[in-house]
Structures are given as C-alpha cells and as structure tokens.
Amino acid sequence: DTAVSQTPKYLVTQMGNDKSIKCEQNLGHDTMYWYKQDSKKFLKIMFSYNNKELIINETVPNRFSPKSPDKAHLNLHINSLELGDSAVYFCASSQGGQAQPQHFGDGTRLSIL
Amino acid sequence: AQSVAQPEDQVNVAEGNPLTVKCTYSVSGNPYLFWYVQYPNRGLQFLLKYITGDNLVKGSYGFEAEFNKSQTSFHLKKPSALVSDSALYFCAVRPLMNYGGATNKLIFGTGTLLAVQP
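Protein chains in written order, with this note's numbering: chain A, 1 to 113; chain B, 1 to 118.
Keep in mind that a hint or two might mislead.
[As the list claims (entries may be wrong)] To list a few chain A residues with every Cβ distance to chain B over 12 Å, as calculated:
{"hint": "1", "residue": "Thr13"}
{"hint": "2", "residue": "Met15"}
{"hint": "3", "residue": "Asn26"}
{"hint": "4", "residue": "Ile45"}
{"hint": "5", "residue": "Ser48"}
{"hint": "6", "residue": "Glu82"}
{"hint": "7", "residue": "Ser94"}
[What the hints assert, rightly or not] Pairs of lysine-lysine residues, derived as BS3-like cross-links and limited to a Cα-Cα distance of at most 25 Å, are as follows:
{"hint": "8", "chain 1": "A", "residue 1": "Lys52", "chain 2": "B", "residue 2": "Lys105"}
{"hint": "9", "chain 1": "A", "residue 1": "Lys41", "chain 2": "B", "residue 2": "Lys49"}
{"hint": "10", "chain 1": "B", "residue 1": "Lys49", "chain 2": "A", "residue 2": "Lys67"}
The hints are simulated quantities; they were obtained by calculation from the structure and are not laboratory data. These numbers come from a predicted model, not from an experiment. Just so you know, even glycine gets a beta-carbon here, dropped at the ideal spot from N, CA and C.
One chain only, chain A, in its complex shape (with noise of 0.2 Å):
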C-alpha cells in the first residue's frame, strides 16, 4: 500500500543513452512533482503538474520531458544522459492548497558509467 511509488530504485547506464523513471501515487492527491537531488544531497525543484497541467518548470535542460497521463502519474523521461545527471530523482505529491505537506517517493538513484 506504498503511497508513492517510483520504478526503478536504481537505474545504471551508459552516457548517451536514454531513460525513463516512472511514478504513481495512490493518494488521491491532484499535484505531483520531481525533484533532484545531488551528491551532497542538495535538493532541487524540476518539475510541478497539477491535473496533468504542468505548472511549475524549473530551469532543466530540454533533455528532460516530463509527462503526466492521469493524476496519478508522473513519469520522466531523459534524452541524451550525460555523467552530470548522475544523482537521486525524487518524485513527490501533495493535495489541493500550498499548506498541504509534499509525500515522497523512495527515489531512483541513476548512475551514469
């Protein structure tokens, strides 16, 4: 009964290739989100959709493509990977107004060889 669940826990590949991490969340919640967090565990904002309505786009290279097919997914797909996108993706979700609390996901942690 895992809340927000994302797939793979852990993703190893090759510089160049491309990827995709999927997440879903069986909360009911109405805003999903990805952050990104580094290897001194500096977490960042990359992506908001509220109703499959991308709402919040943070400066990210275009080699990442979020996509929302219902309110309970957000998936993320990365073109090109390059050593520097090595880090922990989060995704999260929250419900309604901005007081509600974020519920995280385990994280994917990418590795690029």
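Here the structure of chain A is known, so what remains is to put chain B in place on it, guided by the hints.
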C-alpha cells in the same frame, strides 16, 4: 533571492539531551515553513509545518519548531533525543506570491545531519 539557510552541516547530541536544528529563511512576505526528515535510502518524510497562528508548532515523533518572525527563523527542537532520530533534516519554505497566494514550489535548505550518540 529567496533562500533557506541551515547553518550547521551536522549536529551531534547525546541521547536524552535536548536537540536544536537551526533554520533561517529569506523570502518576502509571510511564507509557509516546513521540516522534513530523510533516513538513509529513503524519501523525505513530513515532520511539521507553520502556516499561521501559534509560533510553536508540534509535529511527528515528538518534534516541535518555533517560528520567530523578527529573526526569520524556524528552528526544529526536541526535548529528549533518541538514537533513532539520527537522520538528515531539511527545512523548507513555500514563498508567497505578490498577490498573497503561495506557490507550489518548495525551497529546501542544504540539510543538517543529526547524529545522536547512545
């Protein structure tokens, strides 16, 4: 620029002693403030939040935080630390827009590693 500062990379405390993890913020208006905890290889877990009202807010696992508007601080506290409290703690702020509504965007501090010794 809007920011959150956690001045200590690490806080060491003996089990049973009180603990404080510091957080200051620099945003316009009255922001929404949050504390999250991250255990190894896990996502962030919500601890508590301040929106308005009483400056002392209570949260999960016996944690509380005090909002101080004049010092723009939101320090996390616990009266008696447990070894199981050892984890990475993040302060976050959700700044308000000019028209008064809050954004959906969370700005996180750099994190403070809490180490509780038995």
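Do the hints match the structure? See the list:
Its beta-carbon lying about 20 Å from the closest one in chain B, A/Thr13 satisfies the requirement of being farther than 12 Å from that chain. Separation of A/Met15 from chain B is adequate, the least Cβ-Cβ distance of about 25 Å exceeding the 12 Å criterion. No beta-carbon of chain B comes within 12 Å of the beta-carbon of A/Asn26; the shortest separation is about 15 Å. The Cβ of A/Ile45 does not lie farther than 12 Å from every Cβ of chain B; its closest approach is about 6 Å, which violates its non-interface assignment.
Chain B draws A/Ser48 into its interface by the beta-carbon criterion, the shortest separation being 5 Å against a cut-off of 12 Å. Consistency note on A/Glu82: stated as away from chain B, and its beta-carbon is indeed over 12 Å from all of that chain's, at 23 Å minimum. Against the 12 Å criterion, A/Ser94 falls within the reach of chain B, whose nearest CB is about 8 Å from its own CB. Taken as a hint, the A/Lys52 and B/Lys105 pair is honoured in the structure, with Cα atoms around 16 Å apart against an allowance of 25 Å.
Straight-line distance between C-alpha atoms of A/Lys41 and B/Lys49 comes to about 21 Å, which keeps the hinted pair within the 25 Å bound. For a cut-off of 25 Å, the pair hint linking B/Lys49 to A/Lys67 is broken: about 30 Å separates their Cα positions.
Hint check: violations occur at hints 4, 5, 7 and 10; the rest are consistent with the structure.
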